[in-house]
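*Asks:* For this one, chain A is given, so just place chains B, C and D with the ligands on it according to the hints.
Protein chains in written order, with the working numbering: chain A, 1 to 123; chain B, 1 to 123; chain C, 1 to 399; chain D, 1 to 399.
Everything labelled a hint here was simulated from the structure, so no lab data went into it. Where a beta carbon is used, it is the ideal one built from N, C-alpha and C, also for glycine. Keep in mind that a hint or two might mislead.
Below, in silico cross-link-like pairs of lysine-lysine (BS3-like), each with a Cα-Cα straight-line distance of 25 Å or less [as the list claims (entries may be wrong)]:
no.: 1; chain 1: C; residue 1: LYS170; chain 2: C; residue 2: LYS86
no.: 2; chain 1: D; residue 1: LYS61; chain 2: C; residue 2: LYS327
no.: 3; chain 1: C; residue 1: LYS44; chain 2: D; residue 2: LYS3
no.: 4; chain 1: D; residue 1: LYS314; chain 2: C; residue 2: LYS3
no.: 5; chain 1: D; residue 1: LYS327; chain 2: C; residue 2: LYS61
no.: 6; chain 1: C; residue 1: LYS27; chain 2: D; residue 2: LYS254
no.: 7; chain 1: B; residue 1: LYS122; chain 2: B; residue 2: LYS75
no.: 8; chain 1: D; residue 1: LYS139; chain 2: B; residue 2: LYS5
no.: 9; chain 1: C; residue 1: LYS3; chain 2: D; residue 2: LYS44
no.: 10; chain 1: D; residue 1: LYS27; chain 2: D; residue 2: LYS91
no.: 11; chain 1: D; residue 1: LYS44; chain 2: C; residue 2: LYS2
no.: 12; chain 1: D; residue 1: LYS42; chain 2: C; residue 2: LYS2
no.: 13; chain 1: A; residue 1: LYS123; chain 2: A; residue 2: LYS75
no.: 14; chain 1: C; residue 1: LYS135; chain 2: C; residue 2: LYS164
no.: 15; chain 1: D; residue 1: LYS3; chain 2: D; residue 2: LYS314
no.: 16; chain 1: C; residue 1: LYS327; chain 2: C; residue 2: LYS314
no.: 17; chain 1: D; residue 1: LYS167; chain 2: D; residue 2: LYS139
no.: 18; chain 1: C; residue 1: LYS3; chain 2: A; residue 2: LYS5
no.: 19; chain 1: D; residue 1: LYS2; chain 2: C; residue 2: LYS44
no.: 20; chain 1: B; residue 1: LYS5; chain 2: C; residue 2: LYS3
no.: 21; chain 1: C; residue 1: LYS91; chain 2: D; residue 2: LYS61
no.: 22; chain 1: B; residue 1: LYS75; chain 2: B; residue 2: LYS111
no.: 23; chain 1: D; residue 1: LYS53; chain 2: C; residue 2: LYS27
no.: 24; chain 1: A; residue 1: LYS85; chain 2: D; residue 2: LYS327
Some but not every residue of chain D turned toward chain A, in silico, with C-beta under 7 Å [what the hints assert, rightly or not]:
no.: 25; residue: MET218
no.: 26; residue: VAL221
no.: 27; residue: PRO222
no.: 28; residue: GLU251
no.: 29; residue: GLU303
no.: 30; residue: GLY343
no.: 31; residue: SER380
Label pairs and their calculated CB-CB ranges [said to hold, decoys possible]:
no.: 32; chain 1: C; residue 1: ASP187; chain 2: D; residue 2: GLU378; range: 20 to 30 Å
no.: 33; chain 1: C; residue 1: LYS330; chain 2: B; residue 2: LYS111; range: 39 to 49 Å
no.: 34; chain 1: A; residue 1: ARG120; chain 2: D; residue 2: LEU336; range: 49 to 59 Å
no.: 35; chain 1: C; residue 1: ASP17; chain 2: B; residue 2: THR11; range: 53 to 63 Å
no.: 36; chain 1: B; residue 1: ASP21; chain 2: C; residue 2: LYS112; range: 50 to 60 Å
no.: 37; chain 1: D; residue 1: GLU140; chain 2: A; residue 2: SER119; range: 17 to 27 Å
no.: 38; chain 1: D; residue 1: ARG219; chain 2: C; residue 2: ASP17; range: 37 to 47 Å
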Amino acid sequence: MYSEKVMDHFTNPRNVGDMEDADGVGIEGNPTCGDTMKISIKVVDNRIVDAKFKTFGCGSAIAVSSMVTEMVKGKTLEEALAISKEAVADALGGLPPQKMHCSNLGADALKKAIEDYKSRQKK
Amino acid sequence: MYSEKVMDHFTNPRNVGDMEDADGVGIEGNPTCGDTMKISIKVVDNRIVDAKFKTFGCGSAIAVSSMVTEMVKGKTLEEALAISKEAVADALGGLPPQKMHCSNLGADALKKAIEDYKSRQKK
Amino acid sequence: MKKYYFDHVATNPLHPDVLEAMMPYFKEEFGNPLSIYEYGSKAKNAIEEAREKVAALINSKPAEIIFTANGAEANNFALRGIALAKQNEGKHIIVSRMEHHSILNSARFLEKSGFVVTYLPVDKKGFVSPDAVRKAITKETVLISVTHGSSEVGTIEPLKEIVKVAKEKKIIVHTDAVATTGNIPVDVKDLGVDLLSIAAHQFYGPKGAGALYVKQGMRIVPLIYGGIQESGRRAGTENVPAIVGMGKAAEMAKAELQMRMDYLKPLRDRIINTLTEEKNVFLTGDRENRLPGHVSFCVEFIEGEAMLLLLAAKGIFSASGSACSSKALKASPVLLAMGVPAGLAQGSIVFSLGMGNTSEDIDYLLKEFPAVISRLREISPFAQGWGDKDGGESCTVKK
Amino acid sequence: MKKYYFDHVATNPLHPDVLEAMMPYFKEEFGNPLSIYEYGSKAKNAIEEAREKVAALINSKPAEIIFTANGAEANNFALRGIALAKQNEGKHIIVSRMEHHSILNSARFLEKSGFVVTYLPVDKKGFVSPDAVRKAITKETVLISVTHGSSEVGTIEPLKEIVKVAKEKKIIVHTDAVATTGNIPVDVKDLGVDLLSIAAHQFYGPKGAGALYVKQGMRIVPLIYGGIQESGRRAGTENVPAIVGMGKAAEMAKAELQMRMDYLKPLRDRIINTLTEEKNVFLTGDRENRLPGHVSFCVEFIEGEAMLLLLAAKGIFSASGSACSSKALKASPVLLAMGVPAGLAQGSIVFSLGMGNTSEDIDYLLKEFPAVISRLREISPFAQGWGDKDGGESCTVKK
Ligand SMILES: Cc1ncc(COP(=O)(O)O)c(C=O)c1O
Ligand SMILES: Cc1ncc(COP(=O)(O)O)c(C=O)c1O
Numbered sequence: 001m002y003s004e005k006v007m008d009h010f011t012n013p014r015n016v017g018d019m020e021d022a023d024g025v026g027i028e029g030n031p032t033c034g035d036t037m038k039i040s041i042k043v044v045d046n047r048i049v050d051a052k053f054k055t056f057g058c059g060s061a062i063a064v065s066s067m068v069t070e071m072v073k074g075k076t077l078e079e080a081l082a083i084s085k086e087a088v089a090d091a092l093g094g095l096p097p098q099k100m101h102c103s104n105l106g107a108d109a110l111k112k113a114i115e116d117y118k119s120r121q122k123k
Numbered sequence: 001m002y003s004e005k006v007m008d009h010f011t012n013p014r015n016v017g018d019m020e021d022a023d024g025v026g027i028e029g030n031p032t033c034g035d036t037m038k039i040s041i042k043v044v045d046n047r048i049v050d051a052k053f054k055t056f057g058c059g060s061a062i063a064v065s066s067m068v069t070e071m072v073k074g075k076t077l078e079e080a081l082a083i084s085k086e087a088v089a090d091a092l093g094g095l096p097p098q099k100m101h102c103s104n105l106g107a108d109a110l111k112k113a114i115e116d117y118k119s120r121q122k123k
Numbered sequence: 001m002k003k004y005y006f007d008h009v010a011t012n013p014l015h016p017d018v019l020e021a022m023m024p025y026f027k028e029e030f031g032n033p034l035s036i037y038e039y040g041s042k043a044k045n046a047i048e049e050a051r052e053k054v055a056a057l058i059n060s061k062p063a064e065i066i067f068t069a070n071g072a073e074a075n076n077f078a079l080r081g082i083a084l085a086k087q088n089e090g091k092h093i094i095v096s097r098m099e100h101h102s103i104l105n106s107a108r109f110l111e112k113s114g115f116v117v118t119y120l121p122v123d124k125k126g127f128v129s130p131d132a133v134r135k136a137i138t139k140e141t142v143l144i145s146v147t148h149g150s151s152e153v154g155t156i157e158p159l160k161e162i163v164k165v166a167k168e169k170k171i172i173v174h175t176d177a178v179a180t181t182g183n184i185p186v187d188v189k190d191l192g193v194d195l196l197s198i199a200a201h202q203f204y205g206p207k208g209a210g211a212l213y214v215k216q217g218m219r220i221v222p223l224i225y226g227g228i229q230e231s232g233r234r235a236g237t238e239n240v241p242a243i244v245g246m247g248k249a250a251e252m253a254k255a256e257l258q259m260r261m262d263y264l265k266p267l268r269d270r271i272i273n274t275l276t277e278e279k280n281v282f283l284t285g286d287r288e289n290r291l292p293g294h295v296s297f298c299v300e301f302i303e304g305e306a307m308l309l310l311l312a313a314k315g316i317f318s319a320s321g322s323a324c325s326s327k328a329l330k331a332s333p334v335l336l337a338m339g340v341p342a343g344l345a346q347g348s349i350v351f352s353l354g355m356g357n358t359s360e361d362i363d364y365l366l367k368e369f370p371a372v373i374s375r376l377r378e379i380s381p382f383a384q385g386w387g388d389k390d391g392g393e394s395c396t397v398k399k
Numbered sequence: 001m002k003k004y005y006f007d008h009v010a011t012n013p014l015h016p017d018v019l020e021a022m023m024p025y026f027k028e029e030f031g032n033p034l035s036i037y038e039y040g041s042k043a044k045n046a047i048e049e050a051r052e053k054v055a056a057l058i059n060s061k062p063a064e065i066i067f068t069a070n071g072a073e074a075n076n077f078a079l080r081g082i083a084l085a086k087q088n089e090g091k092h093i094i095v096s097r098m099e100h101h102s103i104l105n106s107a108r109f110l111e112k113s114g115f116v117v118t119y120l121p122v123d124k125k126g127f128v129s130p131d132a133v134r135k136a137i138t139k140e141t142v143l144i145s146v147t148h149g150s151s152e153v154g155t156i157e158p159l160k161e162i163v164k165v166a167k168e169k170k171i172i173v174h175t176d177a178v179a180t181t182g183n184i185p186v187d188v189k190d191l192g193v194d195l196l197s198i199a200a201h202q203f204y205g206p207k208g209a210g211a212l213y214v215k216q217g218m219r220i221v222p223l224i225y226g227g228i229q230e231s232g233r234r235a236g237t238e239n240v241p242a243i244v245g246m247g248k249a250a251e252m253a254k255a256e257l258q259m260r261m262d263y264l265k266p267l268r269d270r271i272i273n274t275l276t277e278e279k280n281v282f283l284t285g286d287r288e289n290r291l292p293g294h295v296s297f298c299v300e301f302i303e304g305e306a307m308l309l310l311l312a313a314k315g316i317f318s319a320s321g322s323a324c325s326s327k328a329l330k331a332s333p334v335l336l337a338m339g340v341p342a343g344l345a346q347g348s349i350v351f352s353l354g355m356g357n358t359s360e361d362i363d364y365l366l367k368e369f370p371a372v373i374s375r376l377r378e379i380s381p382f383a384q385g386w387g388d389k390d391g392g393e394s395c396t397v398k399k
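Isolated chain A (complex conformation):
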């Protein structure tokens, strides 16, 4: 069902955890299946230097979270915002069609985390 890459990121997820001193936190949930992702980022000079996630969800939800946190590290906020769902799925070697809609929340959670960072900066 899942690609090897998905299985790898699911069984050995990267960047699991919370971040005590996060600069931004984003939470995204899919009301249908209940999948929920929380992404925390650390930002230095407009660049994401660290990212962590916690996810409630199926194999692909966990793999997507892991992949997004990997992809985002070292990117500027603009670059990070440009990461699409498709890009995450591609990086994972593809997702089953039904999972594209249901568990591919990583990019959304990331966007929320960046928004959270930006709104904190404004204060």
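*Replies:* Frame of chain A; chains B, C and D with the ligands shown alone:
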């Protein structure tokens, strides 16, 4: 499907044929399946001394005809008239239920032959 | 006693290679295709592979194949599924009088549900005329179902022409290709049909597997509701071994089709040529547009079941459309529709050949069958023409 | 890697003795049961023998058994066949919320055809109350269908009491006994039901064979029309090998029933007793009135498919009612009907044991499963209660 007795009378039918000098001939047909039996009898002193048949029909129709012509030989006309469909079927070791209705015309054809004999006598 | 199986239209023996392909799915690979773990995905993959092979046999896309339990289910599914899906557009369907019970009785069921059904007449050889189809079409017509080939008389219908007529009015066409698929070329694109039924046991595949081809994009209401098997169009735990077997049988049929036809036709023709020499033995169905291994006669003055039984006593297994040989005790509606008189229809006999039959088998048949005919004619009251006089109304047909 | 199959509710492996019984019907005995010659009558006899064995398993008469392709077909047949036969007496049917998709979706189909359907609520353990049945009955009610046992939560329903209520009003009762037959005693006379569905692959029989028990004298409209197979109530060339296999499996199940229950229950209970010790792991379904090999939990804060995958990586094959693990992406309606909150339902996991599972298998499961739980909880944002604050609405259930 058929009992051994039926198969025996079907594969080695007794008394097949027409009778040049028949005293009575009876023909009975089933309009549904087209089975048709012709029974010819020879009568001496109110007693059937010979019987022959010709039959168009399935295995059981042929076996019934063969059996009836066997059963009837040596019987008085009254005894012969008393032969029922059930008696023929029993003598054959039973018939499949659907064949009881459809191909069990022997007793009827026999009755017609006896009637034919009687009506000839009246002339 | 050696056995001579000449009843391949009833069912075929399973090819040993097909059985071999099925075996793992009776043993290690018993998983449920819906399961997401290994056992399940192996079963699922096996089904999808089979789907590709069945699709290849009839030149469809794999996604256009819905597996069923047999040909009858496919036929019921097609008629009722399309009728229900289309009932708001019209409540008239057209079927031919050459159809199998599973079509005719589905049509009768639809009549009870408020549909009007036209039963198309056929000619003496069993052909449905495209013109009759044209005349039968009304504004209410939503479906036309005409068999591809008849298992009773072997006639192959002019389906392409019928489809052409239907498509002038954009009407959906289903065909029952149970008797033809695997025996002659069946190409859904070439035929132009929208739905097509097949059964694995008709081409050396297993019992328990059939399929309905449903053209991409066509809506059909399920016959069996439940889970999401077969994309939600036919529920129930899949009969994985049988489906795998159907795939293997389809693959073999595709590869061997020409060879099989080349093998069977001369055997068939030898029987036809020899036996039509017999007095009062009539070929039923068409001589040319005919299933490759199919021989069918009506033998005058004698009855089909009696022939079957005497032949069986010689080790020869065949079929008949006579009333007495059918468990429903009705003469073949197909023969009657073709205008065969009721009495003559009683003399129906069908020999259907398969790849297991040899030339020697045919020698034996040609030796034994005339003897069976003679023997029953000796017993028959009609054989001397007596039937003309009395009682034999049903059997008075002359050449 | 050794494999641990704990998904017997999905399907069972075929018993080798059953396969052996089937083999002749894939080889020499390939005949069509309708044929009157030897091949046919052997196949026919084999079917009738199987019918007797299936009948014996559920204490019915052989003539009350109609073979189908699977459990889903039997369920569709029962609901639609009785609804159509009885529609002139009323157009209301009652089903429970514990039913399999093949019942629920048949009921929905009937709704579209003008029937009114009452979906009975169930309690926290999945019990349908006889009282709720009584309240649901109207003058229009023609059929009540309540499952005998749930494959999702293992609960065995108080069917006898439900039948009693129905029979006060002389209403026909069907039960889906697919999950129970062969696993616990199923006696149609004792239960008092009029119709009952079973599937061979649920008791070590083959895929491709199911059956509907229809009480003698009860009229039912066919689902599959065609020839006169199954006394005209289910057409299509019979899947002879599968039917023979179902007979053999039924015979074995009858002989071994007590032994099987005695073997499975202690294994089941050990899993339940051990795992309910884990924090935030809840048994679903009833503790006592439960299928012998059935264990089902909801595990809080984590999701079912993720559990399945990590377990599968350890060679453990199980099932889940979570939305993400279902290919339809819907959480188990049964769990929701029982009042399990949507978030908790996502943590559904089902282990269903069979005769191939050993005590060592259970040791292994009990060692590995808690580790899987911990691992996923480490990843979960809810495990620390954060879900209470935001976003985790669906998973905030507390013990
Ligand atoms: C309770 C129940 N009913 C019906 C079915 C459907 O049976 P089948 O899969 O044989 O069609 C199942 C499936 O296993 C089931 O568990
Ligand atoms: C032309 C035709 N259609 C349909 C069927 C029904 O197929 P099945 O027996 O597989 O249900 C048959 C039976 O052999 C057939 O010959």
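*Asks:* All hints are to be evaluated individually against the structure, with a verdict given for each.
*Replies:* Checked hints:
A C-alpha spacing of about 13 Å is found between LYS170 (chain C) and LYS86 (chain C), which places the hinted pair at or below 25 Å, so the restraint holds. Using a Cα cut-off of 25 Å, the hinted pair LYS61 (chain D) and LYS327 (chain C) holds, with the two alpha carbons roughly 22 Å apart. Distance restraint check for LYS44 (chain C) and LYS3 (chain D): the Cα-Cα separation of roughly 19 Å lies within the 25 Å cut-off, and the hinted pair is therefore satisfied. The hinted pair formed by LYS314 (chain D) and LYS3 (chain C) fails the criterion: a straight-line CA distance of about 54 Å is larger than 25 Å.
Straight-line distance between C-alpha atoms of LYS327 (chain D) and LYS61 (chain C) comes to about 22 Å, which keeps the hinted pair within the 25 Å bound. A hinted pair counts as satisfied when its Cα atoms are at most 25 Å apart, and LYS27 (chain C) with LYS254 (chain D) qualifies at roughly 23 Å. Straight-line distance between C-alpha atoms of LYS122 (chain B) and LYS75 (chain B) comes to about 21 Å, which keeps the hinted pair within the 25 Å bound. With a CA separation close to 56 Å, the supplied pair LYS139 (chain D) and LYS5 (chain B) exceeds the 25 Å bound.
Taking the CA atoms of LYS3 (chain C) and LYS44 (chain D), the gap is about 18 Å. The hint holds against a cut of 25 Å. With a C-alpha separation of about 48 Å, the suggested pairing of LYS27 (chain D) with LYS91 (chain D) is violated against the 25 Å cut-off. At roughly 21 Å between alpha-carbon atoms, LYS44 (chain D) and LYS2 (chain C) fall within 25 Å of each other, so this suggested pair holds. Note on LYS42 (chain D) and LYS2 (chain C): the hinted pairing holds, with a Cα-Cα distance of about 17 Å set against a maximum of 25 Å.
Between LYS123 (chain A) and LYS75 (chain A) the alpha-carbon distance is near 24 Å, which keeps this suggested pair within the 25 Å criterion. Restraint check: the Cα-Cα separation between LYS135 (chain C) and LYS164 (chain C) comes to about 14 Å, which is no more than 25 Å; the hinted pair holds. Restraint check for LYS3 (chain D) and LYS314 (chain D): satisfied, since their Cα atoms lie roughly 8 Å apart, inside the 25 Å limit. Distance restraint check for LYS327 (chain C) and LYS314 (chain C): the Cα-Cα separation of roughly 22 Å lies within the 25 Å cut-off, and the hinted pair is therefore satisfied.
Simply put, LYS167 (chain D) and LYS139 (chain D) have alpha-carbon atoms about 13 Å apart, close enough for the 25 Å limit, and the pair holds. Simply put, LYS3 (chain C) and LYS5 (chain A) have alpha-carbon atoms about 59 Å apart, too far for the 25 Å limit, and the pair is violated. In summary, the hint linking LYS2 (chain D) to LYS44 (chain C) is supported, as the alpha carbons are separated by about 21 Å, within the 25 Å threshold. This hinted pair checks out: LYS5 (chain B) and LYS3 (chain C) have alpha carbons roughly 23 Å apart, not beyond 25 Å.
With a C-alpha separation of about 41 Å, the suggested pair LYS91 (chain C) and LYS61 (chain D) falls outside the 25 Å cut-off, and the hint is violated. Between the alpha carbons of LYS75 (chain B) and LYS111 (chain B) the distance comes to roughly 13 Å, so the proposed pair stays at or under 25 Å and holds. Taking the CA atoms of LYS53 (chain D) and LYS27 (chain C), the gap is near 23 Å; set against the 25 Å cutoff, the hint holds. This hinted pair checks out: LYS85 (chain A) and LYS327 (chain D) have alpha carbons roughly 21 Å apart, not beyond 25 Å.
Interface hint status for MET218 (chain D): violated, as the beta-carbon distance to the closest one in chain A is roughly 42 Å, over 7 Å. The interface hint given for VAL221 (chain D) is broken, as the beta carbon of that residue sits about 36 Å from the closest beta carbon of chain A, more than 7 Å. The interface hint given for PRO222 (chain D) is violated, since its Cβ lies 36 Å from the closest Cβ of chain A, which is over the 7 Å cut-off. Residue-level restraint check for GLU251 (chain D) is violated (minimum Cβ-Cβ distance to chain A is 38 Å; threshold 7 Å).
About 5 Å separates the beta-carbon of GLU303 (chain D) from the nearest beta-carbon of chain A, less than 7 Å, and the hint is met. Below 7 Å, beta-carbon pairs count as interface contacts, and GLY343 (chain D) has one with chain A at about 5 Å; its hint therefore holds. Satisfaction of the interface hint for SER380 (chain D) is found here, the shortest Cβ-Cβ separation to chain A being roughly 5 Å, below the 7 Å cut-off. Distance hint check for ASP187 (chain C) and GLU378 (chain D): the Cβ-Cβ separation is about 57 Å, which falls outside the suggested range of 20 to 30 Å.
Here the CB-CB span from LYS330 (chain C) to LYS111 (chain B) is close to 28 Å, at odds with the stated 39 to 49 Å. For the hinted restraint 49 to 59 Å between ARG120 (chain A) and LEU336 (chain D), the CB-CB distance of approximately 39 Å leaves it violated. Taken as a hint, the range 53 to 63 Å is violated for the pair ASP17 (chain C) and THR11 (chain B), whose Cβ atoms sit roughly 39 Å apart. Evaluation of the 50 to 60 Å hint for ASP21 (chain B) and LYS112 (chain C) yields a pass: the beta carbon distance comes to about 58 Å.
Checked against the given bound of 17 to 27 Å, the beta carbons of GLU140 (chain D) and SER119 (chain A), roughly 60 Å apart, lie outside it. Roughly 45 Å separates the CB atoms of ARG219 (chain D) and ASP17 (chain C), a value that falls within the hinted 37 to 47 Å.
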